[in-house]
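Enquirer: Sequence lines, in order, name chains A and B. 347 is the number that numbering that gives the first Met the number 0 gives the last residue of the first sequence; the numbers go up by one with no jumps. 561 is the number that numbering that gives the first Met the number 0 gives the last residue of the second sequence; the numbers go up by one with no jumps.
Heads up, a few of these hints could be off.
What the hints assert, rightly or not - Covered, in the sense of this in silico footprint (three residues per stretch, anywhere, with C-beta under 8 Å from a C-beta of chain A), are these stretches of chain B:
(1) 333 to 339
(2) 487 to 494
Said to hold, decoys possible - To give an idea of the interface, some chain B residues facing chain A are shown, with a C-beta separation under 8 Å as derived from the structure:
(3) F70
(4) P167
(5) R291
(6) K292
(7) A299
(8) T321
(9) G323
(10) W355
(11) G357
(12) F373
(13) N396
(14) G462
(15) P464
For the record, the hints were derived by calculation from the structure and aren't laboratory data. Here a beta-carbon is modelled for each residue, glycine too, at the ideal position from N, C-alpha and C.
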Amino acid sequence: MQPGRRLCLFRSRLCALCLPCLCAVPALAQGPQATPSILAPASTPAHEIYNLSLFVLLITGSIFAVVAGLLAYVVVRFRARGPDAEHEPPQIYGSTQVELAWTVIPVLIVVVLFLTTARIIFAIQDAPEPKSALDVTVIGHQFWWEFRYPKLNIVTANELHIPASTRGAPEPTYLHLLSADVDHSFWVPQLAGKTDLIPNHPNEMWLDPRAPGLYVGQCAQFCGVEHAKMLIRVYVDTPQQFDSWAENQQRLAVDDSAALAGREVFESQACVNCHTIVGTPAHGTFGPDLTHLMSRATIGAGAAANTPENLHAWIEDPGTFKPGALMPAMQLSNQQVNELVAYLSTLH
Amino acid sequence: MADHTLPIPGAITAAPSRGAALLEWLHGWVVTVDHKRLGILYVVYAIFFLLVAGAEALAMRIQLAIPGNHFVGPETYNELFTMHGTTMVFLVGMPILFGFANYLVPLMVGARDMAFPRLNAFSFWLTAFGGLLLYFSFIGGFGLYGMGNAPDVGWFAYAPLTAKAFSPGHNTDYWALSLIVMGFGTLGTAINIIATTLSMRCRGMTLFRMPLFVWLMLVVSGLTLITITPLTAAQIMLLIDRYVGGHFFDTQSGGSAVVWIHFFWIFGHPEVYVLVMPAFGIASEIIPVFSRKAIFGYPAMVAASVGIAFVSLGVWAHHMFTVGMTSVGNAFFVLSTMMVGIPTGIKIFNWLATMWGGKIRFATPMLFATGFLFQFLIAGLTGIMLSVAPWDWQLHNSYFVIAHFHYVLVGGIVFCIFAAIYYWYPKATGRMLSETLGHWHFWLFLIGFHITFDTMHLVGILGMPRSIYTYEADRGWNTLNMIISAGGMIQGIAVLIFAWNLIDSFLHGKEAGNDPWDAWTLEWSTPSPPPAYNFGADPVVRSRRPLWDLKHPNDPDWKYEQ
Chain A
0 MQPGRRLCLF
10 RSRLCALCLP
20 CLCAVPALAQ
30 GPQATPSILA
40 PASTPAHEIY
50 NLSLFVLLIT
60 GSIFAVVAGL
70 LAYVVVRFRA
80 RGPDAEHEPP
90 QIYGSTQVEL
100 AWTVIPVLIV
110 VVLFLTTARI
120 IFAIQDAPEP
130 KSALDVTVIG
140 HQFWWEFRYP
150 KLNIVTANEL
160 HIPASTRGAP
170 EPTYLHLLSA
180 DVDHSFWVPQ
190 LAGKTDLIPN
200 HPNEMWLDPR
210 APGLYVGQCA
220 QFCGVEHAKM
230 LIRVYVDTPQ
240 QFDSWAENQQ
250 RLAVDDSAAL
260 AGREVFESQA
270 CVNCHTIVGT
280 PAHGTFGPDL
290 THLMSRATIG
300 AGAAANTPEN
310 LHAWIEDPGT
320 FKPGALMPAM
330 QLSNQQVNEL
340 VAYLSTLH
Chain B
0 MADHTLPIPG
10 AITAAPSRGA
20 ALLEWLHGWV
30 VTVDHKRLGI
40 LYVVYAIFFL
50 LVAGAEALAM
60 RIQLAIPGNH
70 FVGPETYNEL
80 FTMHGTTMVF
90 LVGMPILFGF
100 ANYLVPLMVG
110 ARDMAFPRLN
120 AFSFWLTAFG
130 GLLLYFSFIG
140 GFGLYGMGNA
150 PDVGWFAYAP
160 LTAKAFSPGH
170 NTDYWALSLI
180 VMGFGTLGTA
190 INIIATTLSM
200 RCRGMTLFRM
210 PLFVWLMLVV
220 SGLTLITITP
230 LTAAQIMLLI
240 DRYVGGHFFD
250 TQSGGSAVVW
260 IHFFWIFGHP
270 EVYVLVMPAF
280 GIASEIIPVF
290 SRKAIFGYPA
300 MVAASVGIAF
310 VSLGVWAHHM
320 FTVGMTSVGN
330 AFFVLSTMMV
340 GIPTGIKIFN
350 WLATMWGGKI
360 RFATPMLFAT
370 GFLFQFLIAG
380 LTGIMLSVAP
390 WDWQLHNSYF
400 VIAHFHYVLV
410 GGIVFCIFAA
420 IYYWYPKATG
430 RMLSETLGHW
440 HFWLFLIGFH
450 ITFDTMHLVG
460 ILGMPRSIYT
470 YEADRGWNTL
480 NMIISAGGMI
490 QGIAVLIFAW
500 NLIDSFLHGK
510 EAGNDPWDAW
520 TLEWSTPSPP
530 PAYNFGADPV
540 VRSRRPLWDL
550 KHPNDPDWKY
560 EQ
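Isolated chain A (complex conformation) (with noise of 0.2 Å):
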């Protein structure tokens, strides 16, 4: 019976180190494409911060090993057994060479940490900012991300284009993160680690990833009751791509005649109070800027996909995609919100 319940402490063990390889693999088999991992780092920070973490990986591992190793020995070695049982083994009150080295070799091992992690903190934390940065203020509200771009004169929401740095050209982008209500916080896992939005306390982060793609993450301070929803999507663009990006956002919004009833719904209504779309008389700044709203794949800071259906649900009941959003529904008649549908859906 003795050995089996050995074998059977053994075994858990075993499962206990296994489990998380075992769940690793189908996880990445998912599609690592739309997965923010940490382990798949696109820009440098993010690169400094996971080779940083394979070095303390490799010293906790080891540490493990060697701690674990000895636990599982001492569990099987010293475990009662036989008619001996009887006697009580030799009392030891302790040594003082052996807690002496116990004690030096993990001052030598913090130390050895201290220093690296010291090292990347300043690297990553104190880089200075190079004159060819593109600077974008964010702006966390309840629950959505305003990216304003103060040298292009461009104001979006939700989905942040960047130009991707390359060595020649170094072209890294410096977010200045302020907040308009709560904390939130910006974390995209493959660019950088995340910086929180606090209000009355402007922070500053930096993203300079090479390859060109879609980049996702979401808030991560707890802001409140959509703070789930709260997602945000990066683009990296070529710098062609972003030129032409920019060229299209800086422009005043479409004025399609077709679309006429629609834009008098919208500027008649509270929509106006909320929401700006530039070249019209809506100056609102609670809600999302809706000029290039069509440029967008998102609505509802990814709430739901940008489709003249989603827009249709969304305005007559936010709810639908987001229980918890600001924004009210405004109970307007079938005929007015698809009015509104058709007149956004010019606004590319």
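Starting from the structure of chain A, add chain B where the hints point.
Expert: Then chain B, alone, in the frame of chain A:
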């Protein structure tokens, strides 16, 4: 004296009716000032809320099992995680550990009660009513529609989400008030434990002969006095903001959200050690007895405990690496946090050395204590990972952090609490808990624990943040979340087995006798359950293991201890 006339035996003739006897029994428990009864009240109260907060956790896990689930809405989910966290820390962790301290400290130091028995009862009832106040919010904290509305701002309640503008209604007030009330109860108990340890020890029980559990509770009580104060201060400031027009944390009037974060974690991080150090004490009692050896390096264990308490007061801002401190500030808190690893490492090595060369009996308490050692090792190592500030910029507020602190709180503390209940239940009730059910409980809980929390580390590394009520289907988190939820259910079943074991063994368990584990500290020298006066004669001790000396007159400890 007139007050002290003895009752005349013949005068009591009529036996009280059944109903009256029940009332008498209830009255006895309500008005008691006996440290043992108060200890049991604390533990029963905490186990009740353990079941409540466990149910809240399972509701969250059902919601997260699949993406886009509609089991609960966002408002309810936010209430669930706020209440789960607040309950587990303030209504389960603190009361159960202070309950053990109440029950054990006087018995272990050979005293007849705590230093201030009435303060003791007062503290318990404050804590109890504080808990009821928190849960009353479900019906009393009216929201927009006049319906019940529990706190929903997270157990950390970061400003300015708690300001009137963002948190109307009364739910945040219930949260703040109940924490203030419970805080005063906790302070009373901490003062009581310090006074008891310093002034009620029996003859021969010098400070360096106290059982380690008593040492740890002394350190924890000192730490409590320091850490509860900023929490209470912050809650009062919050209420001033909400009702008297203060602007401490009101950012719209120039207040500071960061100050709240500092206040909260100056309390919050030492609080983790307030919870975990009694667990260290429990492990330090159980591991030697079941290894049949004296604790290895007692002076180093005491020094490490005091060291952890000191260092723990200087690490709070490692919760704030993403708040935007200076690089030097970040580096400072990296170093202080890593330094906690040194005394903690000493403790783990000393426990291993205690087991080394022993004859280990794997009864249920020792199974849980061994599980604690293994999990606490991992929790410590993931703690080192999180102390690496740049890595924390990634891991902070992700499920990796959730996994890490549940490894500490469940894998470490709850395992020790279970070990303690299996170990001291015979002393408190006179009956043994069933070993068969105990083994089922242990293995199911261990398996469920690892399925849930090992997997949680991974989903955090894959970018899943905490406090979200749902997630996108295309993020690669679906399978992992399903596994986590399944593990949660297994733990739920294990806890139900445990609850059944508590009830069934109370009625039908094997008689325990004075000393079922062949242990060495003073509480095992009295009958089980101990009489109201604890010891018939004041004990006299000459070493750290008085019962060992009695059992081995030829080979007593006092000959060898340094």
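Enquirer: Work down the list of hints and note, for each, if the structure agrees.
Expert: Hint check results:
no. : hint       : in the structure
1   : 333 to 339 : holds (count 4)
2   : 487 to 494 : violated (count 0)
3   : F70        : violated (14 Å)
4   : P167       : violated (12 Å)
5   : R291       : holds (5 Å)
6   : K292       : holds (6 Å)
7   : A299       : holds (5 Å)
8   : T321       : holds (5 Å)
9   : G323       : holds (4 Å)
10  : W355       : holds (6 Å)
11  : G357       : holds (5 Å)
12  : F373       : holds (6 Å)
13  : N396       : holds (5 Å)
14  : G462       : holds (3 Å)
15  : P464       : holds (4 Å)
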